[in-house]
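**Student:** Listed here are the chains, written in short residue letters.
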Amino acid sequence: MIPELGHFSLVLAFVLALVQAVVPMVGAARNNPSMMAVARPAARGQFVFVVFAFGCLTWAFMNSDFSVALAARNSHSDTPMIYRITGVWGNHEGSLLLWAMALSLWTVAVTVFSRHIPDAFLARVIGVLGCVSTGFLAFLLATSNPFSRLLPGAAEGRDLNPLLQDPGMIIHPPLLYMGYVGFAVAFAFAIAALLSGRMDAAWARWSRPWTTVAWVFLTVGIAVGSAWAYYELGWGGWWFWDPVENASFMPWLLGTALIHSLAVTEKRGAFRSWTVLLAIGAFSLSLLGTFLVRSGVITSVHAFATDPARGLFIIGLLVLVIGASLLLFAWRAPTLSGGGSFGLVSRETTLLGNNVLLAVVSASVLLGTLYPLFLDALNLGKISVGPPYFQAVFVPLMTPVVVLMMFGPYLRWKSDAAGAVARRLAPAGIASLLIGIGIAVAIGHFTWRTTLGLTLAAWVVLASLQLLGSRLRERAGASMSSRLSTIPAAWWGMWTAHFGVGIFIIGVTLVGSIDANLDVRMKAGEQIDFAGYHFVLRGVDSVPGPNYDASRATIELSREGRAVGVLQPEKRVYRAMGMPMTEAALDIGPFRDVYVSLGEQLPEGDWIVSLHRKPFISWIWAGCLLMALGGVLAVADRRYRRLAERQMPASAMQQAV
Amino acid sequence: MKAKFLVPLFLFLVLVGFLGFGLTLDPREVPSPLIDKPAPAFRLARLDTPEQTFALDEMKGKVWLLNVWASWCVACRQEHPVLVDLARSGVVPIVGLNYKEVRGDGEIDARGLALEVETAQAIERARGWLNTHGNPYNLSVLDIDGRVGIDFGVYGVPETFLIDRDGRIRYKQIGPVTPENLKKVLLPMIEELKRAG
Amino acid sequence: MRVDRFRYCGRFMLVALTVGALALSAPPASAADEAGVATPVVADQALEDQVQELSHKLRCLVCQNQSIAESHAPLAVDLRNQVREQLAAGKSEDDVLTYLVDRYGDFVLYEPPFKAITLLLWGGPAVLLLGGAGWLALRLRRRQIEAAAQRHLTDAERARARSMLAGESPATADRPSAEEPRS
Chain A
1 MIPELGHFSL VLAFVLALVQ AVVPMVGAAR NNPSMMAVAR PAARGQFVFV
51 VFAFGCLTWA FMNSDFSVAL AARNSHSDTP MIYRITGVWG NHEGSLLLWA
101 MALSLWTVAV TVFSRHIPDA FLARVIGVLG CVSTGFLAFL LATSNPFSRL
151 LPGAAEGRDL NPLLQDPGMI IHPPLLYMGY VGFAVAFAFA IAALLSGRMD
201 AAWARWSRPW TTVAWVFLTV GIAVGSAWAY YELGWGGWWF WDPVENASFM
251 PWLLGTALIH SLAVTEKRGA FRSWTVLLAI GAFSLSLLGT FLVRSGVITS
301 VHAFATDPAR GLFIIGLLVL VIGASLLLFA WRAPTLSGGG SFGLVSRETT
351 LLGNNVLLAV VSASVLLGTL YPLFLDALNL GKISVGPPYF QAVFVPLMTP
401 VVVLMMFGPY LRWKSDAAGA VARRLAPAGI ASLLIGIGIA VAIGHFTWRT
451 TLGLTLAAWV VLASLQLLGS RLRERAGASM SSRLSTIPAA WWGMWTAHFG
501 VGIFIIGVTL VGSIDANLDV RMKAGEQIDF AGYHFVLRGV DSVPGPNYDA
551 SRATIELSRE GRAVGVLQPE KRVYRAMGMP MTEAALDIGP FRDVYVSLGE
601 QLPEGDWIVS LHRKPFISWI WAGCLLMALG GVLAVADRRY RRLAERQMPA
651 SAMQQAV
Chain B
1 MKAKFLVPLF LFLVLVGFLG FGLTLDPREV PSPLIDKPAP AFRLARLDTP
51 EQTFALDEMK GKVWLLNVWA SWCVACRQEH PVLVDLARSG VVPIVGLNYK
101 EVRGDGEIDA RGLALEVETA QAIERARGWL NTHGNPYNLS VLDIDGRVGI
151 DFGVYGVPET FLIDRDGRIR YKQIGPVTPE NLKKVLLPMI EELKRAG
Chain C
1 MRVDRFRYCG RFMLVALTVG ALALSAPPAS AADEAGVATP VVADQALEDQ
51 VQELSHKLRC LVCQNQSIAE SHAPLAVDLR NQVREQLAAG KSEDDVLTYL
101 VDRYGDFVLY EPPFKAITLL LWGGPAVLLL GGAGWLALRL RRRQIEAAAQ
151 RHLTDAERAR ARSMLAGESP ATADRPSAEE PRS
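Protein chains in written order, with my numbering: chain A, 1 to 657; chain B, 1 to 197; chain C, 1 to 183.
Hints listed in this document are in silico derivations from the structure and should not be mistaken for laboratory results. Check each hint, because a few of them may be wrong.
Unchecked claim - Quick list of simulated restraints, FRET-style, between CB atoms: (1) A:V51 with C:A116: 51 to 57 angstroms; (2) C:L47 with B:D109: 40 to 46 angstroms; (3) C:F114 with A:P41: 27 to 33 angstroms; (4) C:Q45 with A:I588: 24 to 30 angstroms; (5) A:F446 with B:R46: 35 to 41 angstroms; (6) B:E191 with C:P113: 32 to 38 angstroms; (7) A:G605 with B:E191: 55 to 61 angstroms; (8) C:E93 with A:M577: 35 to 41 angstroms; (9) A:L5 with B:V74: 55 to 61 angstroms.
Built from N, CA and C at the ideal position, the CB exists for glycine as well.
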């Protein structure tokens, strides 16, 4: 009964989404206030029904109702409760429902935090979001009903894929989807702006915080996914340029360009058509990612069971949503021109330059991801495009981005003198080159890649510190606390996010150049010295888990006679699927992770143990978190809280970046 | 409407065209680079008389099929009746390449097994399977370690190669031979190759 | 059959440590056992590093989103052993790659070879970069021209203001030039 209620609730949500898509839009076009007023209640009602449907599905999973086909395929009565719940989104139908729920959550958030936005504009925003909701709910109901029943019901479920029975599964997909779907809000603002012809600084100001929050979710979501892969994998890789990873990375790149472009549009009125195009592009790439995961056109580890009918449906949806918005863009964008003028050397120029570079990077990632498909479609053979290609393309393209990134904040809006800025930053530039070469030689890994990475990282860190210093010197007479308090949160956000990029590069470079690995065969009581650490295998015990049987090794880790910790890597066999898995054990440190995974047992009785030392790996995620924190700070800026006042003191606007 | 603003739309439509076409393709199927190239030479022990070997050039002058199979391969059971029927019709000789009979079976821990022991097991298992399911092969050979399989670019079982009179590979069927593709692809090609000689 | 073929797939599966590596190069275990010191799986770590590095560039045909270094599929194990054997026999990395490409095609290479059909792939990013840079340059130049024109207009306005001050009536068609947004 409850699954049927869920299904019915989903149908109601679809109807409300349709209302939300049509009525406010018509109202805005006819300037009919009562029709526009439908936007808020329709969006909220839709949210209630989607959440209820999601709750019903979760109930079926929690109570192991294996008459629901989805639960029978993705759950098991022995599965721990938390993975029964996360199992809801560990499959195509449930994850799509999560997608729809995230979208309606964003929509409700827009209805709540939008009192300062004119009704007609808001009606269009909600209407556009309603269109997207309608499309996805229709997709769910037509091709991917999560509530379909098994007749007769299964006695026992097949269990959630053991790969997904991990804490990463609890947070990674929700965060990632909140990010993906969040770009729908930026998209809706852009479309509403195109429809209403209201493409001014106000539009940019309204959509900026939404875009930044979505970007923060996406950043954290990607970072969590990467960390998950790192510790689950057994050999410590953290990014694979898998098509589906790329599908989340491309919107991130364009989203990054978008939040910077919005800054210029808000402050200087420039780049308007470009900003709109980026907003459409970022969301389009999110949709494309959804298509790639679910259609089967590309093989990927993340791909769900595929079905051409679903692929066809999503293609139709892509054509409707993206095609229509690009058509609208082609129609309306030519009317957007002008904006504030700026000189060749100005903050605008560096931002536009980086925007173009980021767009080129994401286009290149797209090219690499889809190129095998192009060739196959043209019957020119099958090739593979993998990490070596992406690294070869990514590093040279991102290098100027990182260099320019530090110039931007030093340059004034409108125009600046090239010579003065170059002179100010020259010492940092030279110092970072020396540091880069010096460290690369010192760690005995003097390759161009390591040197480049370290130089860029040093450049970001030094230029950031110098920027902070000069900012603090601005009000020479005042006390330090008052100097700090006059710096707006948005500036701190920019500074933190850029600094995070530096931290990220340090992690990537060092783990890529000086990580160490040794595979040994060990018996209980045996020991080995590796990378400055002493490992003793105390024994391997059989440990039953709730739905798996594990062999758990106990390894004592010490350094120079002092105990560091006890590591317990496991090798598990999940009973329902008979699938073996490794659970690596980590000793996480600020400057290195010691990473141990248990391989197979040899016929002679000893075990293969894989030992890794990963220098600075946590800096990768620390860097990502700093970037996300930067986004949070930017959104927390006071001027957004005073948005209702509309009129802003010019001084506050100028300070913030 | 200025033309340059239509560029994104145009690019998007091209992309969608490819994506739509992509739905009709199977990204997992990897075409063989060996098509129209001489089949890699091999000499392997025969399943029926293991003390004798069989070499590729013994089939010179004939159009024939090389079918890769193993008793642990579930999909082979599906194609087997098709092969048995084909063999009965006598259209084309079929040589079986028994691929990693023992060590390929995920259920068995073949580590540390001596080669002679493994070979003996393979023969017993393979013969048993053919006795149960019928033997469509003129003869089968034993590829114990899968090395010949690698030479043929085998990446899953079953696979079937059509080889012409000059010993060149003309077609590769990835996955089980079905009555449909036998009728639509394999048999017409076989007829043509026979006529050509 | 799908299930059959791809059942070993799954990125997060077992560490792909191979028995093949042992068979080939394990030192006698007894010597190390006496000291209670664990034995490295491979005797020749330099060779193993080379095998690993090369294997990471090769795509597994069974689990198609893994390299043969990561994959646990039996074919990946076989191919890894081939790589190891051939490198140990003194063959160059190119020889090994040729060996695999001859059998499985360009599909096995994660780094696509540079040839006619991959021209757009390898050249694409450069073309995009040049296109982007060209577009940027064009736009910035046009902006300079526009800015200059705006200054012109301002001059005209100044002239108009002067004439207004001189007592003439303002022209009706005039409106201010593209308004700069508040900042």
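**Student:** With reference to the structure, classify each hint as holding or not holding.
**Tutor:** How the hints compare with the structure:
1. A:V51 with C:A116: 51 to 57 angstroms: Given range 51 to 57 angstroms: holds, Cβ gap about 54 angstroms.
2. C:L47 with B:D109: 40 to 46 angstroms: This hint is violated: roughly 27 angstroms between Cβ atoms.
3. C:F114 with A:P41: 27 to 33 angstroms: Given about 59 angstroms between the Cβ atoms, the range is violated.
4. C:Q45 with A:I588: 24 to 30 angstroms: Given about 26 angstroms between the Cβ atoms, the range holds.
5. A:F446 with B:R46: 35 to 41 angstroms: Between F446 (chain A) and R46 (chain B), where Cβ atoms are some 58 angstroms apart, the hint is violated.
6. B:E191 with C:P113: 32 to 38 angstroms: About 37 angstroms separates the Cβ atoms of E191 (chain B) and P113 (chain C), which means 32 to 38 angstroms holds.
7. A:G605 with B:E191: 55 to 61 angstroms: 59 angstroms, holds
8. C:E93 with A:M577: 35 to 41 angstroms: For M577 (chain A) against E93 (chain C), whose Cβ atoms are near 38 angstroms apart, the range 35 to 41 angstroms holds.
9. A:L5 with B:V74: 55 to 61 angstroms: At roughly 40 angstroms between Cβ atoms, V74 (chain B) and L5 (chain A) fall outside 55 to 61 angstroms, so the hint is violated.
Against the hints set out earlier in the document, violations occur for numbers 2, 3, 5, 9.
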